[in-house]
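Top to bottom, those sequences are chains A and B. For what it's worth, our numbering labels the leading residue of the first sequence as 655, then goes sequentially. For what it's worth, our numbering labels the leading residue of the second sequence as 104, then goes sequentially.
None of these hints come from the bench; they were simulated from the model. Be a bit skeptical, because a hint or two may be false.
[Claimed, not checked] Stretches of chain B that chain A covers, calculated by requiring three or more beta carbons in the stretch to come under 8 angstroms of a beta carbon on chain A:
#, segment
1, 124-130
2, 602-615
[To be verified] Sample of chain B residues at the chain A side, in silico, Cβ under 7 angstroms:
#, residue
3, Val-109
4, Arg-110
5, Asp-111
6, Gln-112
7, Val-113
8, Pro-690
9, Met-691
10, Ala-693
11, Met-694
From the three backbone atoms N, C-alpha and C, an ideal C-beta is built for every residue, glycine too.
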Amino acid sequence: MANTPDDSKPRQAPADAVDPRQGERPVIIRTINLKKSYEMGQVVTHALRGIGVEIARGEFLCVMGPSGSGKSTFFNMVGGLDSPTSGRVFIDEVDVAQLNAVELAFLRCRKIGYIFQSYNLVQYMTALENVTVPMAFAGVGGDEARDRGMGLLDTVGLKDRWFHKPIEMSGGQQQRVAIARAMSNNPQILLCDEPTGNLDLKTGGEIHALLKGLNEQRGVSVICATHDHRLIDIADRIMWIRDGTVERLAERSEVVVETGAIEGKENE
Amino acid sequence: MKKTEVRDQVSLPIRRCVQLCIRGIRYRLFRSAVTVAIVTLAVAFLMTMLSTSYVDREVTEDVRRRTAGRRLHAEWVDRLSPGMSSATLATRLSSVRPGSNAEKELLGWGGLSSKELAELSALAARKMEYEAFLTEIDPGDRSALVGTREGDEIFEYLRTDLDGFLEKTGNIRSGSLPGTGEELRVFVKDFARTKPLRERILTGHAQAVSGLAEEMKDVPLMSIFLGEQAEAIAKLARHGFLLDSADFSTLQREADIQADAEKILALLAEGRMRGVMARRAKVKVQDITPKHVLKIVSSKRGARWIREEVEATRKSTTKKIQQTKQQLTLLAELLKLGEQEILDLAAKKAPKLAELLQITQIRQAVAGQLGEKEYDLKPEQIFDAVGGLEKATWLKGQMQAARDRLSLNRRGLEEGQLQPLLLTEERIVEVAETWREQESLARVEAALPAETGTGRQWLGFSSRTGWLIIISFVVCAVGVTNAMLMSVTERFREIATMKCLGALDSFIMISFVLESSLQGLAGGLVGVVIGFVLGTLRSCWGFGLLAVMNLPVMLLLASAGACLVAGMVLAAMAALYPAWVAARLAPMEAMRIE
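Given only the sequences and the hints, what does the whole structure look like? Please build it.
So, in structure tokens, the structure goes:
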């Protein structure tokens with residue numbers, strides 16, 4: 655495992671990924687009747703009203719829904735950032751609710767990579783330093799961190815700009831650095847919260863392609879919350895959330911036809 | 104299905120934390136500057152107080168040490184002067200320690216038992232307490248209580264009207280009587296009862312002084328210290344004065360300086376010397392003081408000049424005496440002659456008679472006689488003045504008056520003749536310098552704050568300064584906490600992102616406390632330098648070069664270290680709450696979009 659990310663998982667993943675629709679791949683995230691409610695004074699808001707979903711290893715899941723639908727809450731639960739009111743979340747067969755703060759930090763550091771809409775790079779660090787921060791938290795430092803960080807920057811196509819500060823880069827470049835940072839400890843899950851929300855269409859498309867590439871080559875499960883319909887083209891499955899429940903969960907093949915139709919209509 | 108292992112997250116090594124912190128501080132330079140400035144202020148204040156306090160204490164000790172010899176000398180002057188006052192006696196009695204020389208002396212003079220002396224000592228202490236009370240109260244209250252009475256009179260008076268006194272002390276507001284009224288009643292009675300004992304001591308002392316004076320003949324008593332040690336101690340002991348051999352050399356040195364200084368200052372009494380010295384000091388003759396003289400001779404050039412002037416003065420006096428002598432001889436010779444013979448001399452125009460005009464008094468008289476101006480008078484004109492027997496008689500009368508006057512002058516001149524200044528230039532400079540130094544030390548000593556160096560306060564601070572320091576630190580802590588809280592608020596998203604990336608709560612906490620401590624260290628460094636400079640300057644303002652000479656380097660370094668630590672600890676403590684707020688932050692804040 656000390657080796658570069660290319661070795662172990664990508665080889666497993668394609669083997670599993672030959673036919674995603676078989677449903678035989680191991681489950682990486684499983685939620686059981688997930689509920690979350692917030693009490694604000696006397697009003698109780700039910701953000702999630704029972705979501706049960708299984709996400710397979712190496713799957714590309716696209717989560718869609720209007721704002722206020724509970725999408726973000728679902729995201730926080732799945733990312734181990736918040737605990738549910740009832741129901742359970744298993745990440746790689748580990749019940750997140752059972753973990754203490756230090757174990758949660760371990761989980762966030764190595765199992766999950768987070769990508770934010772506003773990139774959230776540390777402003778006073780160069781691209782390379784930003785990429786190596788999670789490695790430092792994982793106890794990897796020095797030359798090894800630098801080499802791995804440079805490898806990741808190469809993967810996202812920014813090898814030549816490793817010494818640039820975030821302020822010296824465009825939004826797309828910053829998001830690439832953020833993706834490299836998310837990948838720095840070989841996570842099994844990439845959680846993307848509107849990764850292209852702040853980007854123009856073209857750059858957004860590039861980021862989509864990059865995410866798909868990582869998903870296919872490295873076998874990372876990608877869970878992507880978005881409003882961008884183009885993601886439907888590359889996702890394995892699409893999940894619609896409305897009012898804290900799963901409105902619809904569909905394979906891409908079932909959906910593409912419809913969107914195509916929609917786009918066709920729009921084009922006319 | 105394989106269970107994934109979840110272990111504890113490793114914590115970041117402290118070195119890496121420091122690195123990250125410094126990067127952060129450099130990025131947020133302006134925000135950091137606020138914390139640094141706040142800490143600088145507090146530390147500078149503390150360091151100023153510490154430096155001033157230490158330097159002042161050091162100077163005080165040094166001054167006390169250096170004036171010890173002079174104090175000892177003054178004490179002995181007091182001891183050897185006749186007529187000890189009852190106030191001096193009370194001071195000596197109250198400070199007497201069992202087994203000390205002072206105790207033995209007092210026992211000897213009074214022929215007392217040590218029990219009696221102990222009682223006297225206790226009474227003297229009480230008496231000084233009551234006197235202090237009367238000194239400290241309002242002057243108006245004082246005159247209401249005891250009128251214009253001073254010293255022992257007061258206690259005599261209290262015997263007659265204690266009840267009235269006690270009633271009045273109850274009414275005054277500017278102070279309260281030490282002890283109870285009953286204690287005062289007992290004291291007044293005891294004090295009156297022991298009066299004979301005190302008088303015995305005073306008489307004994309007076310006898311001892313006069314006995315010593317008799318043995319010393321006409322020499323001033325203090326010159327006893329200029330002689331042999333063993334002899335001086337023995338001589339003093341014969342009259343009941345006890346001198347430690349350890350003190351003798353100090354007294355000798357002091358007495359020596361004093362005697363030599365007096366020799367130099369005695370020059371002021373001579374008219375010509377006084378004039379030339381005033382001219383050199385650029386003051387009017389009547390304004391010249393010993394201070395000017397010592398200033399003149401505290402340089403080698405001045406010392407040489409004064410020796411030359413003394414010689415010149417002596418020469419000019421000798422010349423005057425010579426001249427007076429010649430004139431007296433002339434007068435004596437002429438006075439032997441009768442009036443007719445004087446007329447003959449005038450007729451012959453004898454030069455001897457013309458010489459008379461060199462005597463000022465006769466010259467004036469002759470000029471008056473002829474109606475001429477004194478400075479226009481020619482020697483031959485005296486012959487015109489002695490025309491006729493009558494005039495010769497008049498001249499003889501003038502000559503007699505001049506003779507009386509001149510012989511008086513001569514005695515005056517001979518008595519006023521300066522002694523040669525038998526001091527080398529080096530010694531003159533030494534004496535002058537020592538004297539002037541002692542004078543300035545005495546001035547400094549008088550100006551010293553009474554409480555410095557008594558060790559009553561914490562680190563030499565008065566309680567008020569202590570409070571100011573504590574308050575400055577509290578204010579500073581609030582300021583740092585505020586600055587750090589703002590820093591945390593500004594960095595919500597960064598902190599949350601770090602937590603998403605796997606940072607432990609402890610890392611967040613440590614990084615904020617560390618950041619604050621580093622800023623505290625920077626502020627401390629600047630503050631220590633500023634504080635040291637200000638504090639030392641303040642001391643220099645008061646003590647001049649003495650402060651620079653007495654810089655307690657090790658102590659100041661230690662307090663600089665302590666101030667640095669204090670600044671760091673202060674900043675770290677003040678950052679605890681903001682750091683806690685940061686560490687508690689939920690990682691999902693990172694998802695929030697502004």
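Verification of the supplied hints:
no., hint, verdict
1, 124-130, "holds (count 4)"
2, 602-615, "holds (count 8)"
3, Val-109, "holds, 5 angstroms"
4, Arg-110, "holds, 6 angstroms"
5, Asp-111, "holds, 5 angstroms"
6, Gln-112, "holds, 4 angstroms"
7, Val-113, "holds, 4 angstroms"
8, Pro-690, "holds, 5 angstroms"
9, Met-691, "holds, 4 angstroms"
10, Ala-693, "holds, 6 angstroms"
11, Met-694, "holds, 5 angstroms"
The structure meets every hint from the earlier list without exception.
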